[in-house]
Amino acid sequence: ETGVTQTPRHLVMGMTNKKSLKCEQHLGHNAMYWYKQSAKKPLELMFVYSLEERVENNSVPSRFSPECPNSSHLFLHLHTLQPEDSALYLCASSPRHSGRAGNIQYFGAGTRLSVL
Amino acid sequence: TQLLEQSPQFLSIQEGENLTVYCNSSSVFSSLQWYRQEPGEGPVLLVTVVTGGEVKKLKRLTFQFGDARKDSSLHITAAQPGDTGLYLCAGADAGTEKDNRKLIWGLGTSLAVNP
Chain D
52 ETGVTQTPRH LVMGMTNKKS LKCEQHLGHN AMYWYKQSAK KPLELMFVYS
102 LEERVENNSV PSRFSPECPN SSHLFLHLHT LQPEDSALYL CASSPRHSGR
152 AGNIQYFGAG TRLSVL
Chain X
4 TQLLEQSPQF LSIQEGENLT VYCNSSSVFS SLQWYRQEPG EGPVLLVTVV
54 TGGEVKKLKR LTFQFGDARK DSSLHITAAQ PGDTGLYLCA GADAGTEKDN
104 RKLIWGLGTS LAVNP
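Residue numbers (this note's numbering), protein chains in the order written: chain D, 52 to 167; chain X, 4 to 118.
Please keep in mind that the hints were generated in silico from the structure rather than gathered at the bench. All residues carry an ideal CB built from backbone N, CA and C; glycine is no exception. Treat each hint with caution, since some may be false.
Said to hold, decoys possible - Below, in silico cross-link-like pairs of lysine to aspartate or glutamate (EDC-like), each with a Cα-Cα straight-line distance of 20 Å or less: (1) D:Lys-92 / D:Glu-135; (2) X:Lys-105 / X:Glu-8; (3) X:Lys-73 / X:Asp-96; (4) D:Lys-87 / X:Glu-44; (5) X:Lys-105 / D:Glu-103; (6) X:Lys-60 / X:Glu-44; (7) X:Lys-59 / X:Asp-70; (8) X:Lys-105 / D:Glu-104; (9) X:Lys-60 / X:Asp-86; (10) D:Lys-73 / X:Glu-44; (11) D:Lys-87 / X:Glu-8; (12) D:Lys-91 / X:Asp-96; (13) D:Lys-92 / X:Glu-18; (14) D:Lys-87 / D:Glu-107; (15) X:Lys-62 / X:Glu-41; (16) D:Lys-91 / X:Glu-44; (17) D:Lys-69 / D:Glu-103; (18) D:Lys-92 / X:Glu-41; (19) X:Lys-105 / D:Glu-107; (20) X:Lys-105 / D:Glu-95; (21) D:Lys-70 / D:Asp-136; (22) D:Lys-92 / D:Glu-52; (23) X:Lys-59 / X:Asp-74; (24) D:Lys-92 / X:Glu-44; (25) D:Lys-87 / X:Glu-41; (26) D:Lys-87 / D:Glu-135; (27) D:Lys-91 / X:Glu-20; (28) D:Lys-69 / D:Glu-104; (29) D:Lys-73 / D:Glu-103.
What the hints assert, rightly or not - Label pairs and their in silico Cβ distance ranges: (30) X:Gln-17 / D:His-130: 44 to 52 Å; (31) X:Thr-65 / D:Pro-59: 36 to 44 Å; (32) X:Ser-15 / D:Glu-95: 35 to 43 Å; (33) X:Glu-20 / D:Arg-163: 28 to 36 Å; (34) X:Lys-60 / D:Thr-56: 46 to 54 Å; (35) X:Arg-63 / D:Glu-52: 38 to 46 Å; (36) D:Asn-109 / X:Ser-29: 20 to 28 Å.
The following block holds chain D by itself, in its conformation from the complex (with noise of 0.2 Å):
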């Protein structure tokens, strides 16, 4: 138990469905971030929020839309995606970043997206 929690763990949808994904932190932490893993392809950081502000958005698509009511939790609002969109989706939370070490990321366990 990492204590950052994702749900739901698996989601099949089509490409005219609109869901969401839920995380839930309960450690604290100000940064919540959201990632994607793909086969072959190294985390990619899709967006970031600290203190509940967005703070990083890496050119993701406006079929993903993220919220952060609170610090304690972040959703991935998803509409009208593409098969490609398909896989693993992380979400992590970090403490305020300090000394050298970069900000640790504590992940849930994921969402395993299929878009049919």
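Chain D is already provided as a structure; the job is to place chain X on it using the hints.
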């Protein structure tokens, strides 16, 4: 563009064998983090190395950060089936707090330890 290359990409060994996996870059990082990801789970941090030449041990796992802070290695002694997983390295470029949030990730080494 900063890149981290991990090798080998896949490794299948027998229980009790030793192994080393590598994480290399042409860029300097302020630190490197090593994670292990088991099937069906998210990555979990194993260790962070910060100082060039640093060596850290975690039971049977030994991590080393290169003197120039461009590369790192992970050595596992007497591997066990429980070591099976995807080993990921991630580099941090400490500058601003914003820089530190954006880790550079390798593709990982997928390790299978057979009983």
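(request) Of all the hints given earlier, name the ones this structure violates by number, lowest first. (result) 6, 12, 13, 17, 22, 27, 28, 32, 34, 35
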